[in-house]
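2 protein chains.
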Amino acid sequence: MNADTPRGPVTLHASDAGFEAAFTDLLNQKRENDPDVNATVAAILADVRARGDAAVTEYTNRFDRQSLTPDQIRLTADEINSAADSVDPALLVALRQAAERIRAYHRRQMPEDFQYTDDAGVRLGSRWSAVEAAGLYVPGGTAAYPSSVLMNAIPAKVAGVDRLVMVVPTPDGVLNPLVMAAAREAGVDEIYRIGGAQAVGALAYGTETIRPVDKIVGPGNAFVAAAKRQVFGIVGIDMIAGPSEILVIADAANDPAWIAMDLLSQAEHDTAAQSILITDDAAFAAAVADAVEEHLKTLPRAGIARESWQTHGALIVVEDLRRDAPALADRIAAEHLELAVEEPEALAARIRHAGAIFLGRHTPEAVGDYVGGPNHVLPTARSARFSSGLGVLDFMKRTSLLGCTPEALALIGPAAVTLAGAEGLQAHGLSVALRLK
Amino acid sequence: MNADTPRGPVTLHASDAGFEAAFTDLLNQKRENDPDVNATVAAILADVRARGDAAVTEYTNRFDRQSLTPDQIRLTADEINSAADSVDPALLVALRQAAERIRAYHRRQMPEDFQYTDDAGVRLGSRWSAVEAAGLYVPGGTAAYPSSVLMNAIPAKVAGVDRLVMVVPTPDGVLNPLVMAAAREAGVDEIYRIGGAQAVGALAYGTETIRPVDKIVGPGNAFVAAAKRQVFGIVGIDMIAGPSEILVIADAANDPAWIAMDLLSQAEHDTAAQSILITDDAAFAAAVADAVEEHLKTLPRAGIARESWQTHGALIVVEDLRRDAPALADRIAAEHLELAVEEPEALAARIRHAGAIFLGRHTPEAVGDYVGGPNHVLPTARSARFSSGLGVLDFMKRTSLLGCTPEALALIGPAAVTLAGAEGLQAHGLSVALRLK
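Residue numbers (my numbering), protein chains in the order written: chain A, 4 to 440; chain B, 4 to 440.
Keep in mind that the hints were calculated from the coordinates and are not lab data. You can trust all of the hints, since none of them are fake.
Given that identical chains are not distinguished, each listed pair holds provided it fits within a single copy or across any two copies.
When the alpha-carbon atoms are kept at most 20 Å apart in a straight line, the in silico SDA-like pairs for lysine to any residue are as follows:
1) K160 x I83
2) K33 x P215
3) K33 x Q233
On a predicted model such as this, the values are computed, not experimentally measured, just so you know.
One chain only, chain A, in its complex shape (with noise of 0.2 Å):
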């Protein structure tokens, strides 16, 4: 099937013959077709890495439509005050009440260290400790989300990252004031007016007045995500996030118009978007997909949602919740799970793979975008099997620490004398033995 046609929701039901086939179909849809901007982009970097802030500014100015130089690049306090003080005073509670509930549930996340000797007298240890300086792309224009600013600011501040830097093109010299009252908000350090390819080189690599960070993070165009990938290795960089999707798992207890808001709220972000549906119940099955219908009437994101949900939509209709929806929830791996269901922490239990997971017929996903506490930075396309979401973990590495005294490495060091022979790797075996003597 191809992708890019939309052919209207599937509606596929678990007990029919061709069902195993046409799941798979779902699972394996290509639902992103970024270009190719590798040699774009490997140019632009080479440039940030050899002129700095000329070739910086340079780029600024052509794509944002800008006259900068290279001392107007970085935001004053009065620009990012000025900007966040304009904002209405009730976004300001709203975005404040997140931040704390965001800081609240990260602050959970901090990892313990540990420190034994053991029965050979061996001193072990690990050790955690935070990324010095981190930096945080933040897209421009309409796709510049506070939420997702306060999403990757805070774990990193709760991590204890000293310097957090943010970048955030302004296109044509417009700069977003709430995007500035979430950074002052989550404490970020350093805002420079970039974006693009040359933003996350001058992150990456360090420009005459951007001292280069050690990890980067944030969401960003094709450019972006090819930049990043570019410079791992040089820095850290968090996943490369793909189109958000939403499994719903409802019974047909639920009003169906609340549901398939659900579904639409994912469906609006993107057209790449994925709102999938299981239920036990077929009639509750088109019930929602006549409340999509009728939500499309008037949202204004309409069209961006319909072909969402026409392209990539889907409703699965099982015998049993409990007993089929499991498996079926393990193998969409997916990024933000919904279950709306009588028991919903006893349906949780026996689900493995999920980016997030919303308890109950009153958590909607959305809840979770901007207030909830959990991250909203989350694993998409099945990556939920093998990754996290965003945390303070992300922005912290661990250092291990072993200590023996002349009697600990009397009795474990001939086991490393023994392997290193076998490896062929004598200095090895005599930076032990040498010591033994």
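Assemble chain B onto chain A, guided by the hints.
Positioned in the frame of chain A, the structure of chain B alone reads:
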């Protein structure tokens, strides 16, 4: 300075005027020059994806000079056991001791779930689960290290990976008995005699006989590294390791012969390896340099070690170890950091970036390569600034949990509606607002 020209290890004095420039040069040395094999690898991966076993078998027979049929790719239990049983019993004992120590250390890394209800009545949680299936790449020939099998496989099994699949090429049909013994000891579930990009493709996409995995770890040559990068996203991968490196911080109370052997234990790995000494005594630095030359007269791998030492080695003399060494160590961010000083814990506490720290005069790095307990798969090339050694977390992922009662949603939902409105995402806001009525 051309990194490929051996120039003898540099000696740098921190008090010299040119120190900063020379030290920066040392940090920026290019120590790797992998050929660009991306196009070749892409073709092999596409072929494996399209033709499965047939492609894997053809490449294996061609590159490894074999004449296998697809049903012979998987090693039988008899083949594994008879190879493993042929190993010298003393080696099996050493392997077992290493495995037990590695297992004990990694068990301490198991993360904890959490669950709580906050003041707003919102149920919040975080749940860790293991990756279902992991693939372990093991190089063939001389680079096949049984210790590396233990270090990669044991964390996966401690994490709870259900299915651990090893691939190892057997050029000319030669099986490495020690690798088989290590795989058996570590609890590897399936072993296939394949390697190269074709093996990575088989693990990522699956074939008729090899079910796909969710994550691929383990070292390999340029083809394997490129293949891992290309399948990243379909599966998770570990870091791409660069040449090994050691930083030894040692005072003059050490035996120069011991410290010299520690430096050589990294240098013997690879001509691109790097060994650096920081000391506060110029005469001690000279004595270590002399001891290196003395050891090189008899070391079997002297050719490799000498080239590494002469091309990338360095002796750095500072005035005061406690005062001057930490800042330099953090800029080097070494894979292995040995603290051969009187109070190693105090010095360790002042250093933030290192993959693994070895404490005191009786803890040569090599003991950690085999039997210390912590992992020997560690971040190289200054990536300890932002990444960690391999551990159980690499085989696990986290799911966040969020649950609202109607009352809790009434408390936190309005802020979500406000923020969704500001971001222009109406369906997001409505999915919450519908439930607030």
